[in-house]
Every structure is written in C-alpha cells, then in structure tokens.
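Model the placement of chain B on the given structure of chain A, informed by the hints.
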Amino acid sequence: MLKIDNLHAEIDGKAILNGLTLTVPAGEVHAIMGPNGAGKSTLAYVLGGRPGYEVTQGSVEFNGVDLLDLEPHERAAAGLFLGFQYPVEIPGVSNLQFLREALNAQRRARGEEALTGGEFLKLAKDRAGLLKLDPDMLKRHVNVGFSGGEKKRAEMVQMGILDPKFAVLDETDSGLDIDALRVVGDGINAIMRAPDKAVLLITHYQRLLDVVKPDKVSILSQGRIVQTGGPDLAVRLESEGYDAVMADA
Amino acid sequence: MPEAGTLPTRREEAWRYSAVERLQGEALDAWRTIDVPAGESLRDTLVIADGEDTSPTELHRWRVTLGEGARCELFAVLAAAEYARLEIEVTLGKGAHFEFGGITVGGRDTVREFVTRTIHAEPEATSNQTVRAVHWGHGTGNFLGNIDVVRHAQKTDAAQDFKGLLLEKGASVNAVPQLEIFADDVKCAHGASVGQLDETARFYMAARGLSPDLARRLLVQAFVGDALVALEDEELRERMMRVALDKVDKAL
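From first to last, the protein sequence lines are chains A and B. For the first sequence, this note's numbering assigns the number 249 to the last residue and increments by one with no breaks. For the second sequence, this note's numbering assigns the number 501 to the last residue and increments by one with no breaks.
The following block holds chain A by itself, in its conformation from the complex:
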C-alpha cells in the first residue's frame, strides 16, 4: 500500500531524513517510535506534501502511484489522511463547512457524487458520536477554542468523515487524558482497522499501542529506520529506553 524507498528530505537545507525505507501493506498498523528530533514529524509532513519539506532523493509509492508527484490536496483525494500533532485553528470557518467542502472536493476528484447537506450532517453526527465529541462542536470554527484533547478528537472525527485508505497519525495521543486516549484509540480501530486500509502511527508512548495494537513497530533515529519488530519492541522501549534497545540492535 505504502512503499517508502531510500527517502532523503531536508528543511532549509538541513537534512532530516537520511535514506528512510519502510513498507506498510494494506491491513497493517505500523507504529513509528523514536527519540525527539529523529524526523518523525518530518516524515509525516513529507508524506502529506507540506511546502518547505524538500525531498532530495528516494521515492514514495502509494497504491501504485508516485505520491511525491501529487499536490497535497490530490494526496488526500487519493486516500491519504494526515493527522496533525498540532491541529490548526481556522477562525471564521465552521467545522461543518470545512469538512463538507473537503469531503465533497475529494469525492469530486474521485469521480463520485457530492453528498447533500442532509447526508453529510448525518455522517458528521455519527462520527462525532463515535469519538464522543459533542456534535455542537462541529458548528464551531475549526479547532478555535478547542482544548488539546478536543482538537485531537476532532482530528479523528475528521478522519472518520473523510474515511481515508491510509492514515499517518502524528502523535495523535499527545495531550490526551487516559479516558480520551481510549476513546481516540477505539476510534482509530473502528475507522481504520480493515483489510484494505493501513495506518502509520507515530507515537512516543506505549499507552496508545495498548489500545491500537500495532502489527509492527519501527524505531526511527537520525532520519532512518534502524530497527523493526513486533509489538514487544514498543514494550521493551517503554521499559529500557531508546539507547539501550538501539545498542542491542
């Protein structure tokens, strides 16, 4: 589904990713862990196509197409969802308008019919319910005045509405209390656990992985994947730390 090969990327001339290779097949949840500054968020932004993140070498293939050749909005229409570590506030634009425009733009790009207002509202309420987010919050402006936890929930409501094939979730668990973590984790399972979908789950903590059980765990360090293992790798990291685990590798 997603095949990253020897990816090099830089920001302002500074190399952040240094030959990252990773394959995530359909049906897999792949957790990426790594120390601060390893390049985890950069990987997420490069996959999303954020301006300023320049790929200097390597390739990313997504369902047979060259992902790096697509504009950010085309990547979304192709089924890629980027969950932001810091969801962006957009004053003046309501969640409902934003998401309806976004969903219908994606559907049109795929040659599907746009949803009517009624159809969309039903879908949005249903997904808000799944994430235990007060549906009234959807009437409010995008992320404006939301707490850290509400922003992350809202992010997952967006994912539920847009129903992507592949989700790159950048520290979706940060800023969540224990109950919210479970709600968000269950939401990820409900939305993304399917044979034809996959998730790249960037996280610092084992806690989320207790709910969203990964099939594989990779350690990202200095812009490269240095180790890949099963769920037990995350457990070892939690108890022993990066230095000890990477020294053993």
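Some hints could be false.
[Said to hold, decoys possible] Per the computed footprint, the stretches of chain B lying under chain A, defined by three or more beta-carbons under 8 angstroms from a beta-carbon of chain A, are:
id, segment
1, 450 to 456
2, 471 to 481
[Claimed, not checked] Now the in silico label distances, taken between C-beta atoms and shown as ranges:
id, chain 1, residue 1, chain 2, residue 2, range
3, B, R488, A, L121, 23 to 29 angstroms
4, A, A109, B, L501, 18 to 24 angstroms
5, A, M137, B, V478, 19 to 25 angstroms
Worth flagging that the hints you see were computed from the coordinates, not collected in a lab. From the three backbone atoms N, C-alpha and C, an ideal C-beta is built for every residue, glycine too.
Using the frame of chain A, we list chain B on its own:
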C-alpha cells in the same frame, strides 16, 4: 461641476491615498443626505460590482444624521471601478447607534476606499465600524476613519476595526484611524492590522482535500465575513459576500 483648481489633492488627509486624478468631472459637492429621525432605524447598502452600471470612477458621499435613539446600519462592498470611494459623514444624536461594515477587494491598479467621519455630538451614542480589505496585483485598499467625540458627549462607545489581507506582493492597504476625543468618560477602541494568507492553514486545508483555490476562497470568506456579521438579513449578507468572493476567484 468643480473647477480643476478646486479638486482635492493628496496633500489633504482625507484624499491621501486616493486616485485624485480620476476626480475630474465628478460631482464633488453631491452629498446624499440620510436623516434618521429620533427612535427610527435605517439600513442601507452599497455594492459596486462589475457591470454596465459601474463607471470607472465611483464616488459616493453620504451625510448621515441620527436623531436621539436612532439607529443606522450601512454595509458596503467595493469590488469594481478603477477608483471607488464611499465617504460617510455621520452625526450621532443622544443614544444613537451607527453600524458600518465595509469590504474592499481589488487587483490591478485599482484603488478602493472607505473614508468615514463619525461625529459623536451627544452623549451615550455608540458606533461600530468593521472594514476588511483584500487586495492583489497592484491594488490598493484604504480605510480612513475619523472619530470625533465632542466635549459633552460622555458615555460615548465607539469602535473601529480594520484588517487588510494581501494576496500578492505589490498590493497595499492603508489604514488611518484618527480619534479626536474631547470628553473624558468615553470608550474608543480601534485596531488595524495587515497580513497575508495563513500558510499553515492552507496546508491543513490541502491535507483534507481542498484545492488551493477552494482553500483560499474559504479563508477569504472567513476574513471578510467579520464586516458583515452585524447584517442580519442572511440573503443580503450572502449576496454581498458572493460579490466579494467571486471577484477574488475571477481575478486569481
């Protein structure tokens, strides 16, 4: 018709950023008079949009007098003409309210401006002005807002808010708030800022599937929307909004 010698020049504060060369032949002394008697309300709008009825120079000068407790709401969108100017001089009676929402949009070498003079002549009157300017190319948007509070106009509450959004390098906006306050128990708030589209928001919107054009339209809509918040007629509000947004879409 005024003599060439009586035309305003850019040395005069109220014409400082204007396209004064386009005033030749304009009826400068023609003021529209709006009187709102005590206790009554009036709402009016001005929309300068592309069309046969729009002249290269659109000069509109309105002189408004509000009686005691009267209310006047004016909303305007200046989205066409080489030079468009709406000038409003409003004198508020005791406890009156003046509401103004204005939007200028334009590119090329166009100049679009609001010039207001709000005279709080009696106590307890309130006024609120919100202007949003969106420009590109070498377009210019201006807001010159004068607020006069006379000595006995205590408990005046006047607010003025301007924001400019520059979509391209080369465009400009000018904001000149001028407050002359001779009473001592008043509230006068004013703010002015200029910026460009939020790149982070644009990427966030793109990551959700919105094309750059659609993302810009939503962001511009959110930006200019502030100027029409106080307009309660939803249909009218949407029509005015559409004039502004369509202009941006057509040009870029």
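Structure-based check of each hint:
no., hint, verdict
1, 450 to 456, "holds (count 6)"
2, 471 to 481, "holds (count 4)"
3, B/R488 / A/L121: 23 to 29 angstroms, "holds (25 angstroms)"
4, A/A109 / B/L501: 18 to 24 angstroms, "holds (21 angstroms)"
5, A/M137 / B/V478: 19 to 25 angstroms, "holds (21 angstroms)"
Against the hints set out earlier in the document, no violation occurs for any number.
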